[in-house]
Amino acid sequence: MPSIEVQQLEKSFPSSAQALFAGLSFALDSNECLCLLGPSGCGKTTLLRLLMGLEKPSRGTIRVDPAVAMKMSYVFQEPRLVPWRTCLENVLLPLELTAKINNAARDRAVELLQKIGLSNRLEHFPNQLSGGMQMRVALARALITQPKIILLDEPFAALDERTRFHMQDLLLELKARLQLQYVFVTHSIAEAVYISDRILLLDNAGACRDVRSLPFRSRNQSIKLTPEFNAVVREYSSLFSDMEESFAASNL
Amino acid sequence: MQRLTCKVKAMIPTLRIWIADKLPAWIFLAGMLSAWQFIVAQQWVASYLLPSPVQIFKTTLNMWPDIFAATLSTAQSILWGLGLSVIIGMASALIFFSIPIARRAILPFCIFFQTVPIIAIAPLLVIWFGYGQPTVNASAFIVSLFPILANTLTGLQETDPQLKELFRLYKPSRWQLIFKLQIPSAVPYIITGIKISAGLAVVGAIVGEFIAGGGLGSLIDAARTQQRVDLVFSGVLMSSALALALVYTINLITGLLFRHRPYLRRQ
Numbered sequence: 358m359p360s361i362e363v364q365q366l367e368k369s370f371p372s373s374a375q376a377l378f379a380g381l382s383f384a385l386d387s388n389e390c391l392c393l394l395g396p397s398g399c400g401k402t403t404l405l406r407l408l409m410g411l412e413k414p415s416r417g418t419i420r421v422d423p424a425v426a427m428k429m430s431y432v433f434q435e436p437r438l439v440p441w442r443t444c445l446e447n448v449l450l451p452l453e454l455t456a457k458i459n460n461a462a463r464d465r466a467v468e469l470l471q472k473i474g475l476s477n478r479l480e481h482f483p484n485q486l487s488g489g490m491q492m493r494v495a496l497a498r499a500l501i502t503q504p505k506i507i508l509l510d511e512p513f514a515a516l517d518e519r520t521r522f523h524m525q526d527l528l529l530e531l532k533a534r535l536q537l538q539y540v541f542v543t544h545s546i547a548e549a550v551y552i553s554d555r556i557l558l559l560d561n562a563g564a565c566r567d568v569r570s571l572p573f574r575s576r577n578q579s580i581k582l583t584p585e586f587n588a589v590v591r592e593y594s595s596l597f598s599d600m601e602e603s604f605a606a607s608n609l
Numbered sequence: 019m020q021r022l023t024c025k026v027k028a029m030i031p032t033l034r035i036w037i038a039d040k041l042p043a044w045i046f047l048a049g050m051l052s053a054w055q056f057i058v059a060q061q062w063v064a065s066y067l068l069p070s071p072v073q074i075f076k077t078t079l080n081m082w083p084d085i086f087a088a089t090l091s092t093a094q095s096i097l098w099g100l101g102l103s104v105i106i107g108m109a110s111a112l113i114f115f116s117i118p119i120a121r122r123a124i125l126p127f128c129i130f131f132q133t134v135p136i137i138a139i140a141p142l143l144v145i146w147f148g149y150g151q152p153t154v155n156a157s158a159f160i161v162s163l164f165p166i167l168a169n170t171l172t173g174l175q176e177t178d179p180q181l182k183e184l185f186r187l188y189k190p191s192r193w194q195l196i197f198k199l200q201i202p203s204a205v206p207y208i209i210t211g212i213k214i215s216a217g218l219a220v221v222g223a224i225v226g227e228f229i230a231g232g233g234l235g236s237l238i239d240a241a242r243t244q245q246r247v248d249l250v251f252s253g254v255l256m257s258s259a260l261a262l263a264l265v266y267t268i269n270l271i272t273g274l275l276f277r278h279r280p281y282l283r284r285q
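Residue numbers (my numbering), protein chains in the order written: chain A, 358 to 609; chain B, 19 to 285.
Hints listed in this document are in silico derivations from the structure and should not be mistaken for laboratory results. There could be a bad hint or two in this list.
[As the list claims (entries may be wrong)] With beta-carbon atoms standing in for the labels, derived distance ranges: (1) B:ILE105 / A:GLU446: 21 to 29 Å; (2) B:ILE119 / A:GLY417: 34 to 42 Å; (3) B:PHE127 / A:PHE370: 52 to 60 Å; (4) B:GLY273 / A:GLY417: 49 to 57 Å; (5) A:PRO423 / B:ALA123: 38 to 46 Å; (6) A:LYS581 / B:ASN269: 53 to 61 Å; (7) B:GLY273 / A:SER579: 33 to 41 Å; (8) A:ALA379 / B:ILE129: 47 to 55 Å.
[Said to hold, decoys possible] No more than 25 Å apart at the CA atoms, straight line, and that leaves these computed lysine-lysine pairs for DSS-like: (9) A:LYS457 / B:LYS182; (10) A:LYS532 / A:LYS413; (11) A:LYS413 / A:LYS428; (12) B:LYS198 / A:LYS428; (13) B:LYS213 / A:LYS505; (14) B:LYS40 / B:LYS213; (15) A:LYS457 / B:LYS189; (16) B:LYS27 / B:LYS40; (17) B:LYS27 / A:LYS457; (18) B:LYS40 / A:LYS505.
Don't be surprised by glycine CBs; every beta carbon is placed ideally from N, CA and C.
Let the sequences and hints guide you as you build the complete structure.
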């Protein structure tokens, strides 16, 4: 049974004449991780919000496996940390609101903050952290609920390259260790190829290409230097360019 | 010793900033007082109309026991009035926020009530509460209520929508949303409201005392009937000092309560 099944999806906004997605359909299997890739304005964030239930579709259906729906988590494009709460308090917020807070939860929050390299910032407030650090706290907050599936909206865009690689590996580790699934929005083709099993290429016309990602079983940063990896990135890059060219041609 | 020297050296930039910030005001004040003293000494203005700063200072010293007792009485009324305003203003704002129909039904009358000058209501208060402190407390309360209520309500309504959306992900109860998000995010507004109300509570208490007697209001009024302009000035200065002391105390308390809470810097 797929974790998420989308059928004939369309989303229109009063401010825009053209509807997004033009009847998008796809299903995400229970062991798959998906990347949404596309130019600005093609609806990546909207699709993610629709999957989370933050928006309602104008047409079509989104069906989420009830077992998964209970354990979904979301990372917004911006950190959205509560300014009057410390790092640790921010990470614990979801548990506080669902009354699941105890010493074990606190230990888990500290462990998560250690994993993302912020163990010395537990008592710091968001305004004492850099943008990248804030984003990492937001990721820890999403992970504290031990979700089955996590929706991430360009979470690593504000990070420096080294931290970004570290966070990509952390996601892959969580995927392997906890069978965590994720739907990940990014602008980087290389990032999409590295961390996902599938990539959904979207364009501004609402067209969509559903492609497989890397065939590699085990991944680490060194595979980014291999010819195979670069070949896949080039292939998707040209596929992406073709989609954009055909969109530009149709607009002429 | 070396440590002490280091500490003093570290304080020098702070001291420089403080001097640059405050010195112009102190110089202006000294200039104003000197000019005032000079004008009165030259008898360009009659001293029974405008006593000199030195004369006012002397009167304050001579009459200190009476002035101090009056100041204490006014301070007590201000604290009563302001304290009630904080409690009732915040509670009403919370009710108006949680029950929109209550807001639509009652808030327009609160705004109308706010436009009625306290001097017009004060005689009514005397009829209801009699002469003395209860009327003064009520006067201070009425004048200082609205800014706290309005600011708290605005603060509650202006919660960051992005944070609200974040909270909604975790399906909080209405009370969790209010106590964990909306009230904390309204704190800067509430503090601003309390500071505005503090100044108004002083005005309310003095006006109340004009009508109901007691405190600095009564002292100023009595000095006026006796043509003691120097004593009027003493009373005015003490009421200003009270308002300033109140605002500084509020700053101190909020600073201590929220000293690690950076969101207060939004004020």
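Problem set entry | Unsatisfied constraints (hint numbers, rising) | 3, 7, 10, 13, 17, 18
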